[in-house]
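Asks: Take the sequences, apply the hints, and build the full model.
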Amino acid sequence: MAATRPPVSGRQKVEAVVLYPLDWLEERSGLVGAVKYFLFRKVPGDVNWFQTLGSATLTAFIVQAITGVVLAMYYKPDPNSAYESIRHITNDVTLGWLVRGMHRWGASLFIILMFFHMARVFLFGAYKYPRELNWIIGVLLLILGMLEGFTGYLLPWDQTAYWATVVGINLNGTGPIVGPFLSYILRGGSEIGPDTLARYYSIHMLIIPGAIIGLIVLHLYLVIRLGVTSPPWSKSAAGAPWIEEEDEEGPARKGLVQPAPRGGAAK
Amino acid sequence: MDQDPIGHKPEHPPGQSVWPIGFAIGIACVLVGLVISWWVVAIGGAIALVFGALWLSDLSGHPILPAASAEPEPAPGPSGARHEAPPETSRTGFLAFATLGLGGLIGALITIPPLFLAMIPPFLKQSKKPVDLGPLSLYPLNEWRIVTFRLVAGEGPVWNRTAYIRYNGPVKGGVPSFTIISNRCAHLGCPVQPLGLVQQSQSKDISSVTHEPVKVTPVIAVSGFSCPCHGGAYDTEGNRTAGPPVRALDRFQFSIVKGRLVLGKMYSVAHVDGTGAEAEIHTHKLFGPGQHVDGWEQIFYPFTPPS
Amino acid sequence: MSSLEERRRLFARYKQDVKTRGKSFFPGAMFHDTVMSLVVVVIIIVLAIVWYETTGDTPNGDKSVSDAGLLGKVYDDKADPGTFSFVPRPDWYFYFLFYLLRIFKWPDSVILGTVGIPTVCIILLLAVPFFDTRTERRLSRRPVAVVASILVVISMGVLTWKGATATESLASENIKKVPEWVKKNNLPPEAIPGAKLFAQVGCLNCHSYLGTGGGYAGAPDLSSIGSKGLGVKFQIDHLKCPSCVNPGSPMPSFSALGDKRLRQLAIFLEASKGGK
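Residue numbers (our numbering), protein chains in the order written: chain A, -17 to 249; chain B, 178 to 484; chain C, 11 to 286.
Do not take every clue at face value.
[What the hints assert, rightly or not] Which residues of chain C face chain B? A partial, calculated answer using Cβ under 7 Å: (1) P91; (2) F96; (3) K172; (4) A176; (5) S179; (6) L267.
[Said to hold, decoys possible] Within a straight-line C-alpha distance of at most 25 Å, the following computed BS3-like cross-link-like pairs (lysine-lysine) qualify: (7) B:K305 / B:K392; (8) A:K18 / C:K29; (9) C:K88 / B:K381; (10) A:K24 / A:K(-5); (11) C:K29 / A:K217; (12) B:K305 / B:K462; (13) A:K58 / C:K206; (14) C:K25 / A:K18; (15) C:K206 / C:K250; (16) C:K25 / A:K217; (17) A:K217 / C:K33.
Hints listed in this document are in silico derivations from the structure and should not be mistaken for laboratory results. Positions of the beta carbon are idealized from the N, C-alpha and C atoms, including for glycine.
Replies: This is the structure:
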């Protein structure tokens, strides 16, 4: 006769249903553990609303990526049909005007939020050791974001788009020595023509978003690894006091800590 | 024992070698070739790669070829020629080197053709065919016309361009003189406006011999040109009179074929002395807007891509 | 400057503080992030709706090019590379660069405004963590950082604002303003032909008049030029040869207009005695 088992409650049954696939996935990939680590990692208790600007920027980028991909299903990157495809999206395609509007204003928000986020990080001193690399990645993301806006501006192929691009490319051309060559590469020749639009489309859709996504992954990885800072004005800031001489707990605290080994190699 | 991954400590440092000189010659050929010809660039690049590899192999202590002018070697022993004792040529060392080398080769094979496609074609085949602008009767003596034409035939309005054209009468010797000024500002390329009264109602649309549209609009009382973007201003010969433009407006070469005006290549102008048929035009190869052709700032633009 | 050892110890202290007194990212901090992200998405959607709905329609139901709404045009006319009556503008986040180009209006300085200053700024930005290696975070003890950020915000803000409000001149737009000028400046009927010439012939590319025009430094505003009592003859002489009357003036000669038109212009200028 089979051993009797205690009755299993409804809640336990539901838990088992949910947990079984997760355990399956975890055993084979470790991903569930990674997500748990991300969600339940510790951050300082006094993190501030200003520090939501980074994730807000990420959200704006995700909006751009999704609306951009959908717009690409209707947009035609040839000078003879680009303008018409934009008119088509704006006037005829159901909710095309909304997706296009979200993409256009999402771009402005993305850039503003990047500037605000950069200002917040600067004022919090969160670019200091060991987060210098993250700051550099952030500046590169800012530059890439503005270039993304510049290349996207040409795509509607209306008067504003065309002439702003003429001036922008010529601006590059005034750079010493390599300037003229850079402007030829951007234009695809000595004059803006059909090649230019195709090039800008490739840069805007593939090259820069690829670079941005790669750098964002690195940026987030570093945030998770190095931790989030406390606001500098906080009374109970993690890591405070910032100046060792002001550390009242003195040697007892200092003794807690070994300096990081050089080069990281085990002895 | 402290061994590097390949497993050998070189017994003595690499000797003097000629490889750096060869590498330098290769780089010099590349730089010279950028000005003269792409073939020289390719040859220079190959030389630089070969000598660079030989030099690197020298520095790493595993020279591919023994250095030609090596310092006197210690008595080599009966087996003779090689500079170093071979115990390090273990299999792992060779495999590591070969993997990295092959990886580099694969990387090069994958990236170089696409990079080539992205960067080189913009510099090839830039010359444009001549553009027909209609019969000479459309251009009365000393009158300005705003002419919009297609720079390249058969690809649509993306190739629309505008020029300001004035017939100056015959030069000594009877050849007709035209002043043909591009409407792209020499500062950053904005469309330059005429300082005059545009007669839109008298605009004529004609078809060129290649069946491309050409629009000819008279403009009277022209005192010069000015650019709305950043305040550049020019006189009727295209010389800069005010604002940030770094030289005069670009012009087009022209010819008269069977009684019709035909546009040739565009070229840059430093400045123009005199006016009309007697004008002395100080010409240059076509430069992009904002690039100085004379004055001390021309050192910033030593190379111009072909146009 | 703090030593590297000091900075490492500080970071180790930080990690310990977070371990002992930190809170879990989910749900606390992540909730704030989620709320802010929702705000961002809602703002984007609202802007998109306002942009579209406030733009007028053409008779066939498409959105109009000219009847722009609160947030600007939905699209412009199709690109015409051969146009000679369009004033280019970049997107708003490049307005500071655009205005910088107007500031550097001498040919020798062009390269400063186009690539010089932006490149220097980018290098400075990238190098921030390397010239500030102090561990201090409190703003009250970081005067250089605070002053620098205030200056940057003010200068970028001012440049962007000036770029946004920079005026321009297009003959086809200017001519529509003539009736307004007649009203505002109380222009008599004989000044109207001159006003129309003034609008079209390019004067407004450099000069400004009653809020329109290029307004470049060195080209005076002409709204009340008549109240200086210079006289019609002076105006005509000046228009024929500005540098004869005003040595060093970069203004071109307008003698190509012919005596009749010059006289009309002069009458208009003399009648412009300042708006109400």
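Asks: Look at each hint and say if it fits the structure.
Replies: Each hint tested on the structure:
1. P91: 5 Å, holds
2. F96: 6 Å, holds
3. K172: 13 Å, violated
4. A176: 9 Å, violated
5. S179: With Cβ-Cβ at 6 Å, under 7 Å, it holds.
6. L267: 4 Å, holds
7. B:K305 / B:K392: Given that 25 Å is the threshold and the Cα spacing comes to 20 Å, the pair holds.
8. A:K18 / C:K29: Holds. A:K18 to C:K29 sits at ~16 Å (cutoff 25 Å).
9. C:K88 / B:K381: At roughly 21 Å apart (the allowed maximum being 25 Å), B:K381 and C:K88 satisfy the hint.
10. A:K24 / A:K(-5): Violated, at about 31 Å.
11. C:K29 / A:K217: Given pair C:K29, A:K217 holds - Cα atoms ~17 Å apart, limit 25 Å.
12. B:K305 / B:K462: 15 Å, holds
13. A:K58 / C:K206: 43 Å, violated
14. C:K25 / A:K18: Holds: C:K25 and A:K18 sit about 19 Å apart, inside 25 Å.
15. C:K206 / C:K250: Measuring from Cα to Cα gives roughly 19 Å; hence the hint holds.
16. C:K25 / A:K217: Within the cut-off at roughly 17 Å; holds.
17. A:K217 / C:K33: 16 Å, holds
Comparing the model with each numbered hint stated earlier shows that hints 3, 4, 10, 13 do not hold.
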